[in-house]
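S.K.: Read off the chains here:
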Amino acid sequence: MSLLDTDRIREDFPVLDRNVASGQPLAYLDNAASTQRPRAVIDAMDDCYRRYYSNVHRGIHTLSEESTRAYEMARKTTASFINAPATCEVIFAAGTTAAINTVARSWGDTHVGPDDVILVLISEHHANIVPWHQLAARTGCRVEFVPMDENFEISDAVVAEYLDRFQPKMFAFAAASNTLGSEYPVQRWTSMAHDYGATVLIDAAQAAPHQQIDVQAWDADFIVFSGHKVCGPTGIGVLYGKQELLEEIPAFLGGGGMILNVTTDGFTSQELPEKFEAGTPPIVEAIGLAAALKYLSAIGMDRIHAHECVLGQRVDAGLRAIDGVRVIGPTADKKAGINSFLIDGVHAHDVSQFLDGYGVAVRAGHHCTMPLHEAMGVTATTRASCYLYNTPAEVDRLLEAVTDVRSKFAKSGRRRRSRRSAESTS
Amino acid sequence: MMTKTQALRAPVAYFSTPFYVSTPMAHPQDNPDDQDIYQENVLDHYEDPYNRGALATATHAHDGKNPLCGDKIHIDLQLDDQGRVAQAWFEGDGCVISQASASMLLEELEGKSIDEIQSFSAENMLQLFGPRLTPNRQKCCLLSWKVLQGALKRPVGTDADPIVTENDEEIETDPSFGGPSLGEEQ
Chain A
1 MSLLDTDRIR EDFPVLDRNV ASGQPLAYLD NAASTQRPRA VIDAMDDCYR RYYSNVHRGI
61 HTLSEESTRA YEMARKTTAS FINAPATCEV IFAAGTTAAI NTVARSWGDT HVGPDDVILV
121 LISEHHANIV PWHQLAARTG CRVEFVPMDE NFEISDAVVA EYLDRFQPKM FAFAAASNTL
181 GSEYPVQRWT SMAHDYGATV LIDAAQAAPH QQIDVQAWDA DFIVFSGHKV CGPTGIGVLY
241 GKQELLEEIP AFLGGGGMIL NVTTDGFTSQ ELPEKFEAGT PPIVEAIGLA AALKYLSAIG
301 MDRIHAHECV LGQRVDAGLR AIDGVRVIGP TADKKAGINS FLIDGVHAHD VSQFLDGYGV
361 AVRAGHHCTM PLHEAMGVTA TTRASCYLYN TPAEVDRLLE AVTDVRSKFA KSGRRRRSRR
421 SAESTS
Chain B
1 MMTKTQALRA PVAYFSTPFY VSTPMAHPQD NPDDQDIYQE NVLDHYEDPY NRGALATATH
61 AHDGKNPLCG DKIHIDLQLD DQGRVAQAWF EGDGCVISQA SASMLLEELE GKSIDEIQSF
121 SAENMLQLFG PRLTPNRQKC CLLSWKVLQG ALKRPVGTDA DPIVTENDEE IETDPSFGGP
181 SLGEEQ
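One line per chain: the protein sequences are A and B, in this order.
When you line the first sequence up against UniProt numbering, it's residues 1 to 426, in that order.
When you line the second sequence up against UniProt numbering, it's residues 1 to 186, in that order.
Be aware that one or more of the hints could be misleading.
[Stated by the list, open to error] Label-pair ranges, simulated between beta-carbon atoms:
(1) A:G324 - B:G130: 48 to 56 Å
(2) A:A375 - B:G130: 36 to 44 Å
(3) A:D214 - B:T134: 39 to 47 Å
(4) A:S22 - B:G130: 12 to 20 Å
(5) A:E374 - B:I114: 35 to 43 Å
(6) B:P135 - A:A317: 35 to 43 Å
(7) A:A21 - B:Q127: 19 to 27 Å
(8) B:T134 - A:A375: 28 to 36 Å
[To be verified] No farther apart than 25 Å at their CA atoms in a straight line, the calculated lysine to any residue pairs in the SDA-like style are these:
(9) B:K72 - A:R415
(10) B:K112 - A:R417
(11) B:K72 - A:R416
(12) A:K408 - B:L126
(13) A:K411 - B:R52
(14) A:K408 - B:N41
(15) B:K72 - A:H126
(16) A:K408 - B:G150
(17) A:K411 - B:H74
(18) B:K72 - A:H373
(19) B:K112 - A:S418
(20) B:K72 - A:E374
(21) B:K72 - B:S121
(22) B:K112 - A:R416
(23) A:K408 - B:P131
(24) A:K334 - A:L4
(25) A:K411 - B:G130
(26) A:K408 - B:Q127
(27) A:K411 - B:N41
(28) A:K411 - B:Q39
(29) B:K72 - A:I328
(30) B:K72 - A:D356
(31) B:K72 - A:S412
(32) A:K411 - B:E108
(33) A:K408 - B:D36
(34) B:K72 - A:A375
(35) A:K408 - B:G130
(36) B:K72 - A:R406
(37) A:K411 - B:D44
(38) B:K72 - A:G345
Think of the hints as simulated: they come from the structure by calculation, not from any bench.
Heads up, the beta-carbon is just placed ideally off N, CA and C, and yes, glycines get one too.
Build the full structure now, drawing on both the sequences and the hints.
M.R.: Printed below as a string of structure tokens:
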């Protein structure tokens, strides 16, 4: 396992060169929330706006032809990034959340009835829980959760047990947990779920930035991820679906762009992929996303993953060595760049605020995994997440700051100075 | 309170510098010595809070929480015949800012009349706390202030609205308070 040439990579990310409010240089370790953008992405979007921006699929003029070509090339790039057999299986959505909602509405409303079960993991983030709760409210189905063990792990045996017990219509799970950092065996669990006749949705929001997605090898029915977590723009994500399934389910959002024909009596839907892209799509964002995927591919997803593993293990080992720190997640060999932790007697927000003074940006809170935090009996954790541009020196700065947190907030026999006595003596 | 229209018109110089001109962001604290929001006084209140505990003789009480960070505050008040706060106690769990600010608030307002408490604004609360806070942390600081205001309307042992205040709605007195939530991205 080896590290990337971060000196070179960091030159590609203008924002990494700044200081935070305290004057310290930025160590950006909040990548699981959102990543930063390389020049390649900023320039591609800027270039579109400056030279050829127009609406797509509509105008018969030069700019529209050029924009349409760039937008559809972005779809091709994305399809090739995830090894999709057909380009029309790539739907541009607003993000992971919008993509899962589309499946819950379009597939869910037509395939799920009372007493059916949607199976998810206890570690899912809210985007892969709430749309299913909403589906349950509409259809009377139930949402069931696969639990984790005391080592924050979910074994094949437990997944098999829950598939067998609930015979779910849908098994929807994250390829990697945004809180625990765990990377799950996507291919194996998909195959197990298919044996029980379940449709499978993979939430790849935390996997797409860090590992090679191969939709054909994974064989899942739906796979979704967000642009902003793969160094791409906000406001765009990908909904991949198997072609026959996307053709069978109805359109979700209605409007311009997704219709073949509209009359006063009704409408007929476009073919894929336009069927699921109502309204003016995120054109420039798609172009930016394609630039991001090309950028990551040129470095190599396997090399990026290896880099994160080295840094993640340094974080994991370093945190476990600090007195009073508890790592919330499995052992380092079962995760990559994400580490969540608790510090005895210090609230996660105070940790994050204190670390900001060292220039270290981390996430504090429940990371949109409230059921998971409830299962663990904690309200908030602190999370450090590494990406391709992070360095061992930044990890060490994190560890130094975490070491100092406890001494800052440890009880030390402080006495409050009474306001009233202060006033009367002054 | 300003009407919506007034609020929109009020900041005359809002775009005196075109909003698209990139300038270095001003930090609320120019003096680095003051940047530490965990000043000695704050940590003192956190470790040695004023009137932490339950009050058996409470006439008014209320609960509140910041659902996104898990800060919790419960306040017990005992109002006397003149409508003054004879005693104020709190219990809670959460970050330093939320707990220290509760201690400061109760110490400040014990003995005050209902009118005085009601006219104690969010801005007053932030001033009482001292160190300048970013909008995200203002929520932590203002939790106890909201709970106290709520407690005045909730006599113990009646059917007064028992709903727990969830400190995530806009704070009405000033639109600049509140800030973005810390929770909703993954």
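S.K.: Checking each numbered hint in turn, tell me which of them this model violates, lowest number first.
M.R.: Structure breaks hints 1 and 16.
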